[in-house]
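Q: Residues per chain, in single letters:
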Amino acid sequence: MKIFRTTFIIPAVIITALIIVFFIFYFDVYLKKAFICAGEAAFGAKVEIGSVKTTFTKLSLNVNALKIGDKDNEFTNLIDIDNINFKVRFIPLLSKKVIIDNMSVGGLKWGTARKTSNKLPPKKKKEKKPGEESFLGRKMKEAQKQAAAEFNAFPGVKRFDEIQRQLKDFSPQSVIDMTGIQSIAKIQTAFVDVMGRYDSYVKTINSFNVQTQIDEVKALTDKISKTEIKTAADAAALKENLQALDAKRKELEKSYSDLKTVQTSLAKDVADQKNMFNDISSLISNDVDEIASKLSVPKLDFKNISRMLFGEIWINRVDKALHYMELVRKYMPEKSKEEKKIEVRERMKGRDIIYPLKHNLPSLWIGNISVSGTTGGEGKENIQVTFKGFVKNITSNQKLIGHNTTFEIAGDDTNQKINLSGTFDRLTEIADDKILFSLEGVEAARLGIPETDYTPSFKQAKSSITAEFILKGNDFTTKAGLYIYGLVYDSSREFPGIDKNISKYVNSLWQGINSINVNAEIGILKESGLKFAFSSDIDKILGQRFGNILNAAIGDVKETIRKEITQYVESQKKVLQAEADNYKAKIQKEIDPKLKDIQKQLNDVKALITKKEDELKKQTASLIPLNLLGK
Amino acid sequence: MFIAKLIKEFLKVLQTDVSPNQIAFGAALGVFLGLVPGILMKCILFVLILILRVNIGSALAAWTLFGVISFALDPISDKIGFFILNIDFLIPLWTYLYNLAIVPFTKFNNSMVMGNIVLGLLFFIPVFFASKKFISYYRTHWRDKVAKWRLTKLLTAGILSHTILK
Numbered sequence: 243m244k245i246f247r248t249t250f251i252i253p254a255v256i257i258t259a260l261i262i263v264f265f266i267f268y269f270d271v272y273l274k275k276a277f278i279c280a281g282e283a284a285f286g287a288k289v290e291i292g293s294v295k296t297t298f299t300k301l302s303l304n305v306n307a308l309k310i311g312d313k314d315n316e317f318t319n320l321i322d323i324d325n326i327n328f329k330v331r332f333i334p335l336l337s338k339k340v341i342i343d344n345m346s347v348g349g350l351k352w353g354t355a356r357k358t359s360n361k362l363p364p365k366k367k368k369e370k371k372p373g374e375e376s377f378l379g380r381k382m383k384e385a386q387k388q389a390a391a392e393f394n395a396f397p398g399v400k401r402f403d404e405i406q407r408q409l410k411d412f413s414p415q416s417v418i419d420m421t422g423i424q425s426i427a428k429i430q431t432a433f434v435d436v437m438g439r440y441d442s443y444v445k446t447i448n449s450f451n452v453q454t455q456i457d458e459v460k461a462l463t464d465k466i467s468k469t470e471i472k473t474a475a476d477a478a479a480l481k482e483n484l485q486a487l488d489a490k491r492k493e494l495e496k497s498y499s500d501l502k503t504v505q506t507s508l509a510k511d512v513a514d515q516k517n518m519f520n521d522i523s524s525l526i527s528n529d530v531d532e533i534a535s536k537l538s539v540p541k542l543d544f545k546n547i548s549r550m551l552f553g554e555i556w557i558n559r560v561d562k563a564l565h566y567m568e569l570v571r572k573y574m575p576e577k578s579k580e581e582k583k584i585e586v587r588e589r590m591k592g593r594d595i596i597y598p599l600k601h602n603l604p605s606l607w608i609g610n611i612s613v614s615g616t617t618g619g620e621g622k623e624n625i626q627v628t629f630k631g632f633v634k635n636i637t638s639n640q641k642l643i644g645h646n647t648t649f650e651i652a653g654d655d656t657n658q659k660i661n662l663s664g665t666f667d668r669l670t671e672i673a674d675d676k677i678l679f680s681l682e683g684v685e686a687a688r689l690g691i692p693e694t695d696y697t698p699s700f701k702q703a704k705s706s707i708t709a710e711f712i713l714k715g716n717d718f719t720t721k722a723g724l725y726i727y728g729l730v731y732d733s734s735r736e737f738p739g740i741d742k743n744i745s746k747y748v749n750s751l752w753q754g755i756n757s758i759n760v761n762a763e764i765g766i767l768k769e770s771g772l773k774f775a776f777s778s779d780i781d782k783i784l785g786q787r788f789g790n791i792l793n794a795a796i797g798d799v800k801e802t803i804r805k806e807i808t809q810y811v812e813s814q815k816k817v818l819q820a821e822a823d824n825y826k827a828k829i830q831k832e833i834d835p836k837l838k839d840i841q842k843q844l845n846d847v848k849a850l851i852t853k854k855e856d857e858l859k860k861q862t863a864s865l866i867p868l869n870l871l872g873k
Numbered sequence: 021m022f023i024a025k026l027i028k029e030f031l032k033v034l035q036t037d038v039s040p041n042q043i044a045f046g047a048a049l050g051v052f053l054g055l056v057p058g059i060l061m062k063c064i065l066f067v068l069i070l071i072l073r074v075n076i077g078s079a080l081a082a083w084t085l086f087g088v089i090s091f092a093l094d095p096i097s098d099k100i101g102f103f104i105l106n107i108d109f110l111i112p113l114w115t116y117l118y119n120l121a122i123v124p125f126t127k128f129n130n131s132m133v134m135g136n137i138v139l140g141l142l143f144f145i146p147v148f149f150a151s152k153k154f155i156s157y158y159r160t161h162w163r164d165k166v167a168k169w170r171l172t173k174l175l176t177a178g179i180l181s182h183t184i185l186k
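Chains as they are written, first to last, in this note's numbering: chain A, 243 to 873; chain B, 21 to 186.
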């Protein structure tokens with residue numbers, strides 16, 4: 243008896259044969275189309291594949307000439323790979339697990355030129371809701387906006403123009419109220435004061451009726467002079483007149499003394515005036531400083547020039563790095579499935595008993611990818627550095643294989659060195675991703691630093707970059723060091739359409755700076771938000787130089803102010819001096835003859851009194867016997 | 021329509037001279053097919069039925085019959101399966117099978133699947149012999165009588181049989 247049904251087996255064999263034929267001759271074609279469709283959906287640009295070759299006996303796949311277009315640059319490839327080759331393990335594949343022990347990626351290039359457009363026919367894009375963006379993404383956008391705003395403020399040197407114009411066109415008369423200036427106020431007060439005092443002197447002088455006094459003294463003097471002592475009564479009358487004269491003399495002396503005081507005060511006032519004029523000179527310096535401080539000279543913060551120059555470039559690089567790190571996070575999530583012991587799961591129909599898995603494999607594991615390529619390629623022939631390296635343990639569950647994902651790529655040619663390494667660690671509780679990057683000898687122009695009329699040319703400069711990107715949990719930190727050397731600054735160059743003075747300032751700013759060192763740190767932390775620190779050696783140098791330029795310019799303005807104020811003060815001083823001299827001369831003219839007359843009168847009086855007193859003594863002595871006789 | 025076709029097939033099996041062994045073996049495999057849930061297991065059994073020279077009609081009839089019965093047997097099969105999957109000395113075997121490449125796809129670790137496999141195995145021999153005996157008895161005592169029924173004629177020899185139920 244036949245056991246098998248031949249009527250079923252023969253058609254089954256035929257169908258199987260047809261399936262095998264399909265896979266041998268047509269599968270590669272459909273697989274290639276599937277790859278292209280999936281790639282175009284993922285990258286949003288044209289994907290081209292030269293050929294796809296599958297070998298079912300070895301379960302290997304070979305992809306040649308893969309080109310993925312860059313959706314942001316129509317005629318540029320994002321990735322260009324000559325060859326991808328790998329072999330999949332059969333048994334895990336039955337459990338829907340893709341295990342690749344070795345994979346090779348040869349001829350890796352990026353940013354290569356395309357001859358045809360990579361644009362896809364327009365598709366309706368799914369709009370992102372505001373809440374859908376991650377914390378890191380939101381903070382990065384903030385940083386980008388900040389950097390763009392700062393960059394737009396550049397070139398700050400343009401403000402030299404404002405400063406220059408302001409200083410050049412500065413007119414003290416137009417901005418200064420002369421009455422508000424201390425030195426002027428002082429001289430005006432002094433003027434009023436001096437005039438007041440002189441008036442009081444005049445009043446004092448006029449209050450003395452010196453002539454009357456002199457006339458009275460003269461009259462008394464004449465009377466005394468004519469008096470002869472013949473009798474005791476004459477002697478008594480003379481004595482009385484002498485006493486009256488002495489009293490008048492004393493009054494005259496007092497007047498003399500008062501006039502002398504006025505004269506001394508006048509002399510003292512002249513000395514005071516000289517001192518006041520000296521004080522005014524020091525007040526002028528204060529006034530100049532005061533007015534200069536009120537000048538609204540625009541502030542130019544050179545502390546941020548490196549940030550303005552390199553901030554946006556750096557932010558964009560960080561944004562790209564963060565984008566790739568977030569992609570890694572997406573496909574290598576923070577928490578992977580734990581290994582489980584026997585477990586019972588209730589189901590609608592029956593219960594599943596889950597037994598422990600030994601040598602459990604993750605659903606994806608690429609053990610080793612050897613990578614080789616070049617930084618050059620079509621359209622980038624001048625920056626060709628060949629590199630090679632590896633990527634190890636790309637997997638959907640690191641805990642199952644006990645290794646984290648690592649990569650290391652190094653390239654070296656005579657001029658440039660490139661190193662890229664990193665780890666994506668999911669073995670610990672908190673996901674820890676780290677990328678280290680260093681580049682040496684790269685042309686600074688390739689960094690995308692804006693060429694402006696206000697900065698040296700970066701065309702011939704070279705640069706070294708070191709960068710570290712760390713994404714631990716949800717905290718993203720990055721540090722970078724950029725060293726640009728071989729800067730050339732042509733101070734003789736002309737700036738079309740730019741003020742000559744600005745050119746002068748720009749030249750004196752950059753002259754002799756042939757290297758720039760920049761350090762940047764960005765932190766996007768869950769707790770403290772966005773932190774952005776930038777420092778550079780040029781900030782200090784340029785700040786200092788700008789300070790010197792500004793001081794020199796302000797010094798010129800101060801001189802102008804000083805000149806104007808001094809001129810005004812001097813004119814006021816002259817007026818005051820003239821008035822004072824005039825008054826002084828007048829007062830002097832009034833006092834001097836009076837003093838002379840008084841002095842003369844006093845001398846006469848004194849002489850007369852002495853003479854008459856002597857006479858009186860003599861006559862008195864001779865009159866005694868007479869008196870005695872008369873008794 | 022399906023039921024009419026099924027009855028037609030069943031009558032055809034009973035009325036013709038198909039080997040009782042083929043019918044009985046088909047029925048026994050059909051029991052498995054009816055009891056065991058899961059597409060993979062059903063596919064394996066169905067391919068087995070197609071490859072082996074067993075009676076497909078009896079297999080389909082048994083599949084239908086035990087497919088209905090299985091609903092009533094579900095609570096029992098769940099308990100049997102859960103018990104077997106948790107027997108201590110068998111756990112290493114189940115763990116080993118669970119770690120193999122293809123075996124887990126059979127969902128053998130599901131209590132219902134395991135219970136129904138056990139029930140299927142338990143029913144296999146009795147169903148085989150019972151079917152064989154029933155065919156012999158039927159052919160001796162009932163075949164001629166049933167052949168004269170109008171329904172039999174309608175389903176096996178009438179216009180309906182050649183056109184709609186062909």
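Keep in mind that a hint or two might mislead.
[To be verified] Rough simulated footprint, nothing fancy, chain B against chain A, three-plus residues with beta-carbon under 8 Å:
id, region
1, 244-253
2, 841-849
[Said to hold, decoys possible] Partial list, derived from the structure: chain A residues whose beta carbon lies under 10 Å from chain B:
id, residue
3, V340
4, I595
5, Y597
6, K600
7, P604
[Said to hold, decoys possible] Derived pair list, reagent style DSSO-like, types lysine-lysine, alpha-carbon separation capped at 27 Å:
id, chain 1, residue 1, chain 2, residue 2
8, B, K152, A, K591
9, A, K338, A, K600
10, A, K838, A, K859
11, A, K338, B, K99
12, B, K152, A, K244
13, A, K510, A, K826
14, B, K62, A, K339
15, A, K600, B, K127
16, B, K32, A, K244
17, B, K62, A, K244
18, A, K492, A, K859
19, A, K338, B, K62
20, A, K300, A, K244
21, A, K826, A, K472
22, A, K848, A, K510
23, A, K465, A, K826
24, A, K244, B, K153
25, A, K339, B, K127
26, A, K591, B, K127
27, A, K641, B, K32
28, A, K275, A, K244
29, A, K591, B, K62
30, A, K472, A, K313
The hints are simulated quantities; they were obtained by calculation from the structure and are not laboratory data. Virtual Cβ for every residue (Gly too), placed ideally from N, Cα, C.
Q: Are the hints correct? Go through all of them and say.
A: A quick look at each hint next to the structure:
1. 244-253: Held - the region 244-253 of chain A has 6 residues with a Cβ nearer than 8 Å to chain B, which meets the minimum of three.
2. 841-849: Our answer is that it is violated, as 0 residues pass the Cβ test (under 8 Å) against chain B, missing three.
3. V340: 14 Å, violated
4. I595: Holds - the Cβ of A/I595 comes within 10 Å of chain B, reaching about 5 Å at its closest.
5. Y597: Since the shortest Cβ distance to chain B is 4 Å, the answer is holds.
6. K600: Hint holds; A/K600 Cβ to chain B Cβ min 5 Å, cut 10 Å.
7. P604: Cβ of A/P604 sits 15 Å from chain B, so the hint is violated.
8. B/K152 with A/K591: The hint is violated at about 33 Å.
9. A/K338 with A/K600: 17 Å, holds
10. A/K838 with A/K859: 31 Å, violated
11. A/K338 with B/K99: Cα-Cα ~31 Å, so violated.
12. B/K152 with A/K244: 19 Å, holds
13. A/K510 with A/K826: Between A/K510 and A/K826 the Cα gap is close to 12 Å, so the pair holds against 27 Å.
14. B/K62 with A/K339: 24 Å, holds
15. A/K600 with B/K127: 18 Å, holds
16. B/K32 with A/K244: 22 Å, holds
17. B/K62 with A/K244: 24 Å, holds
18. A/K492 with A/K859: 22 Å, holds
19. A/K338 with B/K62: 21 Å, holds
20. A/K300 with A/K244: With a Cα-Cα distance of about 37 Å, the restraint between A/K300 and A/K244 is violated, given a limit of 27 Å.
21. A/K826 with A/K472: 52 Å, violated
22. A/K848 with A/K510: Roughly 31 Å separates the two Cα atoms, so the pair is violated.
23. A/K465 with A/K826: 38 Å, violated
24. A/K244 with B/K153: Given pair A/K244, B/K153 holds - Cα atoms ~22 Å apart, limit 27 Å.
25. A/K339 with B/K127: Distance ~18 Å between A/K339 and B/K127 Cα, so the pair holds.
26. A/K591 with B/K127: At roughly 12 Å apart (the allowed maximum being 27 Å), B/K127 and A/K591 satisfy the hint.
27. A/K641 with B/K32: 60 Å, violated
28. A/K275 with A/K244: 46 Å, violated
29. A/K591 with B/K62: Cα-Cα ~16 Å, so holds.
30. A/K472 with A/K313: 145 Å, violated
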